[in-house]
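Asker: In order, the protein sequence lines correspond to chains A and B. Take 1 as the starting number for the first sequence in the UniProt record's numbering and just add one per residue. Take 1 as the starting number for the second sequence in the UniProt record's numbering and just add one per residue.
In case anyone wonders, no lab produced these hints; they're calculated from the structure. Each hint can be trusted.
So the derived label-pair ranges between C-beta atoms look like this:
id : chain 1 : residue 1 : chain 2 : residue 2 : range
1  : B       : Pro215    : A       : Thr137    : 31 to 41 Å
2  : B       : Asp319    : A       : Glu108    : 49 to 59 Å
3  : A       : Thr137    : B       : Arg210    : 31 to 41 Å
4  : A       : Gly116    : B       : Cys92     : 27 to 37 Å
5  : A       : Asp31     : B       : Val279    : 21 to 31 Å
6  : B       : Gly260    : A       : Lys75     : 56 to 66 Å
7  : A       : Phe343    : B       : Gly260    : 20 to 30 Å
8  : A       : Met36     : B       : Asn289    : 22 to 32 Å
9  : A       : Ile3      : B       : Ala212    : 52 to 62 Å
10 : B       : Ala136    : A       : Asp100    : 18 to 28 Å
11 : B       : Arg210    : A       : Thr113    : 45 to 55 Å
12 : A       : Glu21     : B       : Glu6      : 30 to 40 Å
13 : B       : Asp283    : A       : Thr113    : 55 to 65 Å
Beta carbons are placed, not taken as given, at the ideal position from N, Cα and C, and that holds for glycine.
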Amino acid sequence: MGIQFKQETFRDDYTFSNSPEAIRRFPFPFDRDEYMYSVNIEQHMPGPPKSYVEFPIDIDEHYVSEMRDRAIVLKEDPLRCQSLPHMLPAEWDLVELLMDSMSKHYPEHFQLTKDGDRWHWVNQPLGIDQTFTFGDTATLPCPPMEYITRQCQGDFALLDQRQDNLWMDAGIVTTQADWSLDFDIGMNFMEWHGPVPIAHDIGVFDRALKFLLNLQQGRPVRRLNWTMTINPRLDTSPENYHKWGQEKATVTPENVGDKVHLRVELQALWRLPRSNAIVFSIRAYLISMEELVTIPKWGRRFPRILKSLPEPIANYKGLSRYREMTIDWLSKYDDGQPTSPGFFPD
Amino acid sequence: MSGGVEILVRVADIEQATATVRRFTLAPLSGEPLPVYSAGAHVVVTMDDDGHRIRNPYSLISRAQDGSHYRIGVLKTPNSRGGSIYLHEKVCEGDELVITMPVNLFPIVRTGRKHVLVAGGIGVTPIYAMAEELRAASAPYEIHYAMRDASCGAFADELVEMHGDKVRLYRDDAQEVIRVDAILPHQPLGTHLYVCGPEGMIDAILAGGRKAGWPVENLHSERFLAPMGGAPFSVALAKAGITATVRSDQSLLEAIEEAGVDAPYLCRGGACGQCETRVISADGELIHNDHYLSDEEKASGAKIMTCVSRLKGRELVLDL
Ligand SMILES: Cc1cc2nc3c(=O)[nH]c(=O)nc-3n(C[C@H](O)[C@H](O)[C@H](O)COP(=O)(O)OP(=O)(O)OC[C@H]3O[C@@H](n4cnc5c(N)ncnc54)[C@H](O)[C@@H]3O)c2cc1C
Ligand code: HEM
Ligand code: FES
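Produce the complete structure using the sequences and hints provided.
Answerer: This is the structure in structure tokens:
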């Protein structure tokens, strides 16, 4: 049967929207009515059929359009994709992880055949048919990480592990929530997390780092993170702040439902076999307020989250300007009834 | 499964490499290729010696290109409580063993400009794999390998064959010792040193490195005597009214789950705090292995993180 890929945009006329099925499988990140930073790491185990965690790498109806958007970003700004020379083995590890996973779980769209190091990769939605030698960069049209991540939803960072720390030594970042690979490249875990408020003081990063240093091959983990975005724009980068920053001012009480989006990142981490590096995937999902309230439990819960969100976190996430307007708009969907525990719709 | 994913293997070949070292070729039972790993990694081998469960880590020497086998090398340890003796005396070709996914606590630092590999005795196993990885990557390296006498030379012959004049051999019986003060001073800036072997040798090499003014970040070692798992103890779950035994190869959380109690967890790695459980009483000493509780909380003995921590003693009573 396969996925019906949509044709839509994440810029200019913003034609992006979610089908009812995509809404139901949206990774709503709140299991209670309040939010605080925590080490919310769990094992990346297969979830229920059709859920966003059914497979380790989630491909959905937005795939083709997201890949087109990535190509536009890379064309305008090649520095969104960078890799230090010692990360080449990790790049190949990533090729293997993504090709294996995509072809195994979406065989109607992606096929991989291996004859020793001779690999044949077919990506039907993007019309790609490539034979190459695994481990030989010259046999691909571009470096391995860039090659495969131009064909996989989500941003990726490759972290080298040394001196009991993780170093962001490679990555492709075109769908980020206001941070910059070009700025962070070569930094360690504590350095790139520097701007985050509160979490350092409550020990979140110390614990998370110690946990990740022990991450084992074959036992990936995941967590959810969230923020908000005006208009369904994937590329909310500091590099392009001049393009999207001003859109925050366009929110009015009338257009909240359409313009304001909850943006959730499914972040998964794998220990990579050849390089002993870690790959961090950041898969962004967008949902408009209009779409969100079609799930009554989420419509009740989300305004409560926004009301109780600590000021420093709201400021850091950049949503202070339209927070009140959004709460007002959402409050008609909150009848004050208790919400059931857990993430999923009732 | 706190030890990670398990892989069933068959002993495809046993080779008496020296008088005291055997090399085992392990092939996957499933026929699926064995996982790729980075040099310096080990697997934990589970052995069942007449109902007595032994779990020992062994470094991976090599993997067949197509993943059809791994090789490990095992020294017959005097005064052994079981593992190495079992592998030497009881395991035959065709036998089945259980291994974990590879874990690397002794990785090559990829930003290093050059790599000095130092091995003593059985400590050659991870060094052997590292040398091969560096050769394949065309990175600058040199190998120093100390052994008792020429009869210990199975690894030496192969190292010389593969790495030629990059290898320097030292024989105890010829009074040849690895001279740190001779090796270290002439290395280019940004060189990393890796040592694996007997305790005394590791200590001497590391001390030599520090004395030569090397940054500690550039000195790496692996000791084969790291403590693993823990002793068994009993756990009583007060609310559930159940008592269970926590085996040595099991975490407290796993034993609780096995007893049929649905205890909280998220990360299973001592970081998230989800499995925090109140201790009602402890007949023994709590061994806190988590990163979550503060030092004061650990000292108070009032709480335990069931996913990684345990009791050294007889019985633990929990509020579960
Ligand atoms: C990361 C890692 C990698 C390793 N890689 C290898 C490898 O590649 N090859 C290899 O041969 N080994 C390797 N080892 C060591 C291996 O795991 C075992 O420790 C070794 O084989 C001895 O196991 P055993 O069960 O025979 O001996 P054990 O019974 O565990 O005894 C180990 C040592 O403790 C001493 N001992 C025994 N009982 C006592 C006691 N009651 N009190 C005090 N001391 C005691 C013994 O004299 C012996 O020297 C590695 C260890 C680690 C941590
Ligand atoms: C190792 C892989 C990781 C990478 C590459 C990464 C990267 C980042 C980056 C680039 C930011 C934005 C910082 C900025 O404002 O410039 C961020 C924010 C953050 N990270 Fe991570 N991170 C990783 C793992 C984790 C883990 C395991 C946790 C677990 C607690 C975590 C918690 C957070 C939090 C709470 C924020 C603030 C997010 C917000 O409020 O929107 N990160 N991370
Ligand atoms: S389950 Fe996370 S600390 Fe124990």
